Amino acid sequence: MIESFETLGISAPLAAGLDKAGIKIPTGIQSRVIPLALTGKDIIGQSATGTGKTLAFLLPIFQRIDIAKRETQVIIIAPTHELAIQILRQVEMLAKNSDLPVTSTSIIGNVLISRQIDKLKERPHILVGSSGRILELIQKRKITSQTIKTIVLDEADRLLDERNAESVKAVIKTTLKDRQIMLFSATITPETLEQAKKIMNEPEVLTVEGQVGDRPDITHLYFLAEQRDKIEMLRKIVALIHGERVLIFVNRSEEIETTAAKLEYHGLKAAGIHGSSFKGDRKKSLEDFRKGKIQLLVASDVAARGLDIIDVNYIFNLDVPEDPQVYLHRVGRTGRAGKSGIAMNIITKAELPLIKKYENLLNVTITEKYMANGKILDKVKPVKVKTDKK
1 MIESFETLGI SAPLAAGLDK AGIKIPTGIQ SRVIPLALTG KDIIGQSATG
51 TGKTLAFLLP IFQRIDIAKR ETQVIIIAPT HELAIQILRQ VEMLAKNSDL
101 PVTSTSIIGN VLISRQIDKL KERPHILVGS SGRILELIQK RKITSQTIKT
151 IVLDEADRLL DERNAESVKA VIKTTLKDRQ IMLFSATITP ETLEQAKKIM
201 NEPEVLTVEG QVGDRPDITH LYFLAEQRDK IEMLRKIVAL IHGERVLIFV
251 NRSEEIETTA AKLEYHGLKA AGIHGSSFKG DRKKSLEDFR KGKIQLLVAS
301 DVAARGLDII DVNYIFNLDV PEDPQVYLHR VGRTGRAGKS GIAMNIITKA
351 ELPLIKKYEN LLNVTITEKY MANGKILDKV KPVKVKTDKK
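Counting from 1, one number per residue, gives the positions in the sequence shown under the working numbering.
In case anyone wonders, no lab produced these hints; they're calculated from the structure. Each hint can be trusted.
Lysine to aspartate or glutamate pairs mimicking EDC-like chemistry, simulated, CA-CA at most 20 Å apart: (1) Lys149 <-> Asp66; (2) Lys262 <-> Asp288; (3) Lys41 <-> Glu194; (4) Lys349 <-> Glu322; (5) Lys291 <-> Glu264; (6) Lys369 <-> Glu351; (7) Lys198 <-> Glu166; (8) Lys20 <-> Asp99; (9) Lys41 <-> Glu204; (10) Lys262 <-> Asp229; (11) Lys230 <-> Glu255; (12) Lys284 <-> Asp311; (13) Lys230 <-> Glu322; (14) Lys142 <-> Asp118; (15) Lys284 <-> Asp301; (16) Lys269 <-> Asp288; (17) Lys41 <-> Asp66; (18) Lys269 <-> Asp311; (19) Lys369 <-> Glu359; (20) Lys262 <-> Glu232; (21) Lys262 <-> Glu226; (22) Lys230 <-> Asp301; (23) Lys357 <-> Asp319; (24) Lys369 <-> Asp217; (25) Lys24 <-> Glu92; (26) Lys283 <-> Glu257; (27) Lys149 <-> Glu204.
Ranges of calculated distance between the beta carbons of each label pair, as one might list FRET restraints: (28) Asp288 <-> Leu240: 17 to 25 Å; (29) Gly9 <-> Arg89: 18 to 26 Å; (30) Glu368 <-> Arg70: 54 to 62 Å.
As the structure is a computational prediction, the values presented were derived from the model and not from experiment. Note that CB positions come from ideal geometry on N, CA and C, so glycine has one too.
Using the sequences and the hints, build the whole thing.
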């Protein structure tokens, strides 16, 4: 019997809302998290990018919110402003599709605090934002933290690092001790786990192995090229596939701008983002990418963290990552929300062993292709024909 959201304990209105969005079957992490989260248990959840972690915590949150009470009951903390806004969009989508009067707002830095204070007067059920600004508004007594029933840390490995841990823990300390804490990430280090257990109450650790072989909606391909010819190969493939949104990964951040510039030189709509991008530039590039004004977005792994763009048609690896977990993160950014996606690797012969390694480790087939006469063709191994010797 195929598991459904209702068999996990999700209400009919929420299940109907998911159905409207084309989401019918729970993912592995959702199946593990939802029943426990509904009981109020503290949870540490780990699974690969693109496996539905956001809905894994939003669904039980929606179900446990007391709609009759006009008070803030949930705080969701994210490490970047864009991730906070993406989570807020999912909250709004879920509320709209399920016809539930769950209210929400974002509380992030670099936004007029007076506007946020005005929104807080309406006492939204869910706050999504950055720990620094949330803490500031708690200290100004604009957020009543004693009414908080659930706190979620998304991308927890970043939220509990040296840069963010202090403000995150300070937010948690202002809430009552019987609140639920849920913590999610694609990767959870032993250090993160140790930090998490200090702020949680006997958390249940749920790990769902993110094998791309479990994602039949993603097709994996590779093309052989000399290092100097990779950009030209990429340009030719992009011209053929007509992908609306193409995300291109390179291993070194210093290659981002030069790669984007080379693509632009050939008349392609491209932009690069990396960790050192100014927030305004980064935000504009991402918005242009979402709206289709930019077709190609070049990124490093650091820059791509926190991105949640649903309609990415193709992922390209111009450099193959050496860590299989990084490969998972990259390719998991396509084939999302029930849609199919294609992951393409443009590699040198020296990188071929990594491709073979990932096929074995990740239980996935990465098919070789080549280009000829303006077409993408299957690489067919020559068959030796035996001839009778006379």
